[in-house]
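I would like the entire structure built from these sequences, with the hints used as guidance.
Chains as they are written, first to last, in the working numbering: chain G, 424 to 828; chain E, 243 to 509.
Please note: incorrect hints may appear among the correct ones.
Heads up, incomplete: computed chain E residues facing chain G, CB under 10 Å, no partners named [stated by the list, open to error]:
hint : residue
1    : ASN297
2    : THR306
3    : GLY319
4    : MET320
5    : PHE335
6    : SER367
7    : ILE370
Hint data in this document are derived by calculation from the structure and do not stem from the laboratory.
We put the beta carbon where it would ideally sit given N, CA and C, even for glycine.
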Amino acid sequence: MKASTLTRVAAQSILKNKMRSLLTMLGIIIGVGAVILLVAIGQGAQSRIQQQIENLGTNMLVISPGSSSQGGVSRGMGSFNRLKVDDVEKLQRESFLLAAVSPVVATSGQIVGGQGNWRSRINGVSVEYLAIRDWDVEFGRNFDASEVRSMKKVVLLGRTVAENLFPGQDPVGQRVRIRNVPFQIIGMLAEKGQTPEGSDMDDVILAPYSTVQTRLAGHQYIPQILASTFSPGDIPAAQDEITAIMRESHGLASWEEADFTVRNQSDLSEAAQGTTEVMTLLLAAIASISLLVGGIGIMNIMLVSVTERTREIGIRMSIGARGSDVMTQFLVESTVLSAAGGLLGLLLGLGGARIISSVTGWTTTISPLTVVVALAFSGAIGIFFGFYPARQAAELDPIEALRYE
Amino acid sequence: MNDTAMVIRTRGLTKTYVTGATEVRALRDVDFDVQQGEMVSIMGASGSGKSTLMNILGCLDRPTSGTYELDGIRVDGMDRNARADIRNQRIGFVFQGFNLLPRTSALEQVELPLLYDRTGRKENSIDIAARALDRVGLGDRMDHEPSELSGGQQQRVALARALVTEPAIVLADEPTGNLDTRTSIEVLAVFQELNAQGITILVITHEHEIARYAKRIVRFRDGRLMQDEPVLDRRDAVHDLAEWHDPDEDEAASAFAPIPVSEGGAA
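Structure representation (C-alpha cells):
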C-alpha cells in the first residue's frame, strides 16, 4: 500500500471510531498535558529559584589587585595595586557579558551627625553597585552618574549606621560629616544582614567612588572592582573576558603574569547549578512516568482494538492484505493516534499552564524544547507500544479471523 | 485439456487436522476441476469438508497433501504473502455474513482490494470501484454505509468487492444464508447474470433449491467428493422473480429494482 493510502485508511479507521479513538488518545492527552504543565510550572519555579540565588550574588565577580613579591617573599594579595578607574571604564565599554561594573574604594572613618557619632566603613562605588549587590534603597534615592562625575558629596546610609546616628528619624535630607567633610544623605539602604563570617553588611556608608577617592582616600588606586553577569551561566566566559580586557588595559604581554585576579562566588553558583540539575531530573522522571503510563494505555486499547476488529482484519486478509499491510495499518493508526493525542495534550498543557499562572500567580515557562520533546515522544510511544498489538493483528489466521464473532 | 481454460484443478487434495491425539481428515483425496465460465454449487452437510475445500480453494489455507492449480498456477505450496497476493488478484470472496467493514461506504468497501494490489495495474481505483458497483446494480448507493443498506444490497456490495479485481473465480460461501427467499433469488439473479457474462462462480450451499441455480452440483460427504453432475432442471432467477408472488410483500416487490446489465462481458 502506498503511504498516502495507508494514512487515508488509518485516518478513516480513526474517524470511524471516534469514541474509541478518543479513549485511546486520552492516556496520551493527559500524559503529555501533565508533562507540559509540570515542566512549565517546574521551569517557572526553577527560574524563580535561580533568580533568588542570583540575588545572593552568584553572578558576581570580584576583581582584586595582584600580589607583588620582593626578594622571594610574597607580600600577599593587594600588595601591588594597579587597578584604576580606567579599568572600570574599559570594562564597562568593552564587555559583552557583564551587566554591571563598579569599583569599590573602601576606607573608614568617624562619622558625625544627628544624635552623635559612629565609626564605619565608607565604600566609594559607582551607580551600578546596588544592582550588582542586588541591594535596594529603602528611603530616598541612589546617586546618579552626573553626581559621580561631579564628585558630589552625597551618601547612602546603611541600616546600622542610620539607626545609630538617627534613631527613630528619617535620615534622608540630613547631613553628616565624615572626617570633617560634610555630606548630604540622599538615601537609606534596605537591610542586608550579616555575611557568613559575621560582619554586619548594614554597617556601611556608600558614596560616589570619585568623591571618596578625592575627598577621603586620597589616592587613585581601587582596591576592588565588582562586576555582575546577566546570568550565572556566563560566569566562566565573563572571567575570561575580564581577564582579556584587563590585560589589554594594563598593557601586559602574553608572557607576563596578570597583576590582578578575577574570582567568583563558585560555592553559590555550584549550589545553584546543583539545584537546577536536581529539578530537571525530577521533572524528567515525572515526565517519563506519565508518558509511560500513557503509552501502556495506548497498547492496552490497541490490543482491545485488535480483538474487537478481528473480523475486520480477517476481511482485509481475505481480499489480499498481507500480514505486513495489516501491521503497518495498525502501526500507522497507533502513531497517528498518539501523535494527535500529543498535540491535544500539548494544547491542554498550554491552557492549563496559562490558567494556573493566572490563578496562582506562579510563573510558568514553556520552552520550545519541551514542546518538541513531548511531541516526538508521543509519536515514538505510538510506534513502540503499537508494535506488539500490530504484530498480534498481523499474525492472525485469516480463517479464524473471518469466523470470529 | 478442453478448449476452455481450467480455472481450478485439484489432484489428491487432502487436509488433515490434528487435535491432540485425534486426526480429523477433513478432505480425502479430492480431484476437482472447474472450467472457465462455469457456475458450480458445492453441497454437503456440515462436517462434509466443503468449508475446508472452500478455504483451500480460496488460498486461505493450505492442503496437507495433493496439488491445487488455480488459473494454471500451482498455489498449494505458497507462503502467506504469496497466497495473500493470489487472493487479491485471482479470487473474489462472497461470505454468508456479507463481511463488509462497518461504517465504510460501499465505494470504499469495493475500492479496498485495489488498495492492496501490489502489481500497480489499477491506477484509478475509485473509478474501477464505481464501475463494479454499477455492475451489481448499486450505482446509486455508492455513498451508503452497510447499516443503510438492506441485506440483499450488502451482499451485492460484497459481490462488487469480489469482482473489482477481475478475479479468475468468485467463491461464494452460503451467499444467501442470511437472506430471505426473495432476496436470495435477487442475489442469485445477479450471480447468474455475471456468470452469463463469463465469470466463473463457485457457490457453497446446503440448500438444494439454491444449488439448482448453478449449472453443476458437486456433493461432498465425509471429506470425499461423492457426486458430480450437471443440473438438468436449472432454475432461472429472473424468471422466478417474475413469477414471485407474496401478498405480504407487495412493498418489497415495488422496491425491487431490475438489475441493469452493463457492457463489459466476460472478465
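**Per-residue hint verdict: ASN297 of chain E, partner chain G, C-beta under 10 Å** = holds (5 Å)
**Prompt:** Taking the least C-beta to C-beta distance, is SER367 of chain E closer than 10 Å to chain G?
**Reply:** Since chain G brings a Cβ to about 9 Å from SER367 of chain E, closer than 10 Å, the hint holds.
**Request:** Identify whether the interface hint at GLY319 of chain E stands, where standing means a beta carbon of chain G within less than 10 Å of its own.
**Result:** Violated, because the Cβ-Cβ distance from GLY319 of chain E to chain G comes to roughly 18 Å (cut-off 10 Å).
**Hint check: 10 Å Cβ-Cβ cutoff, THR306 of chain E to chain G** = violated (15 Å)
**Interface hint status, ILE370 of chain E versus chain G (Cβ within 10 Å)** = Hint violated; ILE370 of chain E Cβ to chain G Cβ min 14 Å, cut 10 Å.
**Message:** Just to be careful: measuring from the Cβ of PHE335 of chain E to every Cβ in chain G, is the smallest value less than 10 Å?
**Reply:** Cβ of PHE335 of chain E sits 5 Å from chain G, so the hint holds.
**Message:** Does MET320 of chain E hold up as a contact with chain G if the rule is Cβ-Cβ below 10 Å?
**Reply:** violated (12 Å)
Hint check: violations occur at hints 2, 3, 4, 7; the rest are consistent with the structure.
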